[in-house]
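So the protein sequences, as listed, match chains A and B. Just so it is clear: in the first sequence, position 455 is 455 by UniProt numbering, and no numbers are missing. Just so it is clear: in the second sequence, position 169 is 169 by UniProt numbering, and no numbers are missing.
Do not take every clue at face value.
To give an idea of the interface, some chain A residues facing chain B are shown, with a C-beta separation under 7 Å as derived from the structure [to be verified]:
1) Tyr150
2) Thr154
3) Leu163
4) Asp365
No lab work stands behind these hints: they were computed from the structure. Where is the CB? At the ideal position from N, CA and C, for every residue including glycine.
Number of protein chains: 2
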Amino acid sequence: MFSFKSNITLTRGSSRNLYLQLCDQVISFIKSGKIPPSTKLPSSRKLSEDLHVHRKTIIAAYDELISQGWIETIPSRGTFVTSSLPLVQPKKFNFSALNNIAKEKSGFSFVTRPHLLRKLNAKNSLETLIIDDGIPDHRLAPNEEIGRIYRNITKKSYHKNLLTYGSIYGNTELRNNLVSYLNETRGLNVSMDNILITRGSQMGIYLASQLLLTNKNRIITGSTNYMTADNTFTEAGGIIEQVPTDNDGLDTIAVEKICKIKKISAVYVTSHHHHPTTVTLSAKRRMHLLQLAQQYNFAIIEDDYDYDFHYSNSPILPLASNDTNGNVIYIGGFTKIIAPALRIGYLIAPKDFVDEAARLRRIIDRQGDTILEQTLAQMIHTGDIQKHCNKVVKIYKARRDLFCLLLKEKLDNYFDFEVPKGGMAVWVTLNKAYNWDIICSKAKAVQLEVTPDWRRYDNDNSGHNGIRMGFASLNEEEIHEAINRLVTVFEKL
Amino acid sequence: MFSFKSNITLTRGSSRNLYLQLCDQVISFIKSGKIPPSTKLPSSRKLSEDLHVHRKTIIAAYDELISQGWIETIPSRGTFVTSSLPLVQPKKFNFSALNNIAKEKSGFSFVTRPHLLRKLNAKNSLETLIIDDGIPDHRLAPNEEIGRIYRNITKKSYHKNLLTYGSIYGNTELRNNLVSYLNETRGLNVSMDNILITRGSQMGIYLASQLLLTNKNRIITGSTNYMTADNTFTEAGGIIEQVPTDNDGLDTIAVEKICKIKKISAVYVTSHHHHPTTVTLSAKRRMHLLQLAQQYNFAIIEDDYDYDFHYSNSPILPLASNDTNGNVIYIGGFTKIIAPALRIGYLIAPKDFVDEAARLRRIIDRQGDTILEQTLAQMIHTGDIQKHCNKVVKIYKARRDLFCLLLKEKLDNYFDFEVPKGGMAVWVTLNKAYNWDIICSKAKAVQLEVTPDWRRYDNDNSGHNGIRMGFASLNEEEIHEAINRLVTVFEKL
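My request is simple: use the sequences and hints to build the entire structure.
See the structure below:
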């Protein structure tokens, strides 16, 4: 029988809270099979005595594990490891084999593609307000600090060599600091060899698509999905297979059904908060997806675009943190934390895949902006990024709360939504008696722009009537005003 | 008969020299057919009287036109428009039609591609010296000035909106300033609609290749060519057709022969100084190539990577300045002037092509670094870029002179070369009694690295024994030392 007392080690004074350390270890024991499904967990009182920590720490950890779906409480019986978790056995995935599939790209005409360009430069002034689809408030960006550090770097003669051709993998100091940062914040276990610095998440998606999806290779996405990602897959020559999504995210049973009849090269997943509906991929489905990736030999492109923005529990660790087999290409970036225009992101993958991606990147734009990369490296090292992140998360949480409160109070008859656990947008479903075209057009008359194009969320014309409403880029005054204007729109219908 | 007196207008006090104004206008009249081939030009004395300028101005202009191949002197008869110039009639090129060709990309395995990564970070100290293949000296980069302007931008609250999502075409102020800058320095006649800001020339080559070369479309290049460009074409799915190059650059007769039997989508040309051999495409061939592009409906990808670096005459205007038909995609950048790591370049093309390229760019990395782009916009506006360019051109000219002098004085028995008119490298042919492998390996023993990989210049194994030797990144002391070490290599053979 598994002994918590002898297997769990908690370190006081670590940068990671005690209760999160406990979660990390319990999850890793569940994943490795050391604590099998349906195992009864010790009571919080017993475990607090065994581990010499306060009982509140144990309760916080159990709450966290319940919210992530790893354990479940059965009334009057106790707390158990979730019975339905599938197991994943470590095995090495061969990217080169996948990659050697002859590459031939499918037809894709830019001319016929819908224009994606959004005019996002308009100010969120009280003149015209924009409810976007969930972008950061650039007014919160640490611009002066970035400018100061950037300049200091250019003044140091020993940084002169940053100005000549540098590594196609990105600035070494940034990659080095990212190793610690990501391993600590995301529960990853990666080294320098696994990191390629990109220009934001989008370049990560582009590189992965170009390497995996040529020759009409198939990729599975949710039946509502981030439209720019879909465009990137199609441009690379890939064929998209859709599976339904529900409150637990991507339907992995549907993924399995497709895998049984077709060769699948990749599955794209925004596991933390599904884009656009903001739901989280459940622990059960996470494990199932990893198991399928191993069984059917496909890559998981995990786009963790808003890992840093969670307001209720601690964030659910990415699939990449569970990936013992090397199937996951983990993509993230700093554009949402810092500013959309400062495009630095990363692609994390097995070394051979990172090498391929770097060689492709070389012919796209040679390398990143080394001074900006060095600036970010310093900000991670000093902890400035983490401080800034904590600051904006508090602000965005307050904005989410206010936005959802007002939406509920004033527009309950028209909209259906759940308060999102994180991110920058609420998934709002309009009562089917109404039509977004009319609402958006009437809104314009009261100087309110509602989301760039609602149809982008319903490419299949399923008529779900849902859109993303971004709350993060509006301050409290603007949120009040935006909701008031929306109220007048419905009143005048 | 053509009247120079009534057709030529010279403006004193313009930022362009009088003699260059005269050149520009004579060239444009030759190109338009108003001054036909074999026309006798007025004597310099006569023209100086007609135009009320000093005779030296006329002589300088005629010298320039002769060096560019537009006119020729026939002893004891006079000066004539070159007899063999072909004529080009204005006609609109249809990029969309070309683009609608079904796109299917050819097989290209990154795994089997030779590694291109060059370790260029090593210092050019007296410890180890590197004779590279022609890169700028990053020690001359205006780093402090860039840092200062960058920081000032981040301090201005009205620049905060640079931090959110911006135009996929690039910073508006930069595009606007580039219109004047390029029209003035390159003799172009473009507007904002024709400019896409890229991350250096390489991204321009990548975008053009991805839009033109899918589905095994054919591109013509020189039989020695810039290797990274060749790799970019192949990666896009294109098929390369080679034509010979000689002292006048790309053999356009050979281009015509291919066009007669095969559909060609594009011709890639580094017209100012052919890469790698540094020769200039003659005026006759320029006109011929434009005529062929019109006749056979192909795009010319003109990579003008070192337009700014010319040491003898004024630079020959790019093909793009002669392009009345819209066939030319003109690619350039600031990485060579400022610093390789500050990756800002541009792609100039007809509006429909620029629109396509911008949409592709959107899914690659969304947009450029707007603060850096704004920094450059300001430096162009204040003329700082031009001043910096003048400064480094003087330094590189002195380095070229010294490098070639020492090469001639000390290594004449081993090497054959012409002094290049511009650029950052000399095309040096090693006496065929010797072998680069041995030379490079012996050089390493005396702490001298000679060019990253000589084979890159001879992919066809023709045995021409030529390599590029870069002089720009070494200061005078380092040039003396490098040549001395090379001398010891040959002495010890």
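We went through each hint and held it up to the structure:
1. Hint status for A:Tyr150 relative to chain B: holds, with the closest Cβ pair at about 5 Å, below 7 Å.
2. Contact between A:Thr154 and chain B, as hinted, is supported at the beta carbon level, the nearest pair being about 3 Å apart and thus within 7 Å.
3. Below 7 Å, beta-carbon pairs count as interface contacts, and A:Leu163 has one with chain B at about 4 Å; its hint therefore holds.
4. Against a cut-off of 7 Å between C-beta atoms, the interface hint on A:Asp365 holds, since the closest Cβ of chain B lies about 4 Å away.
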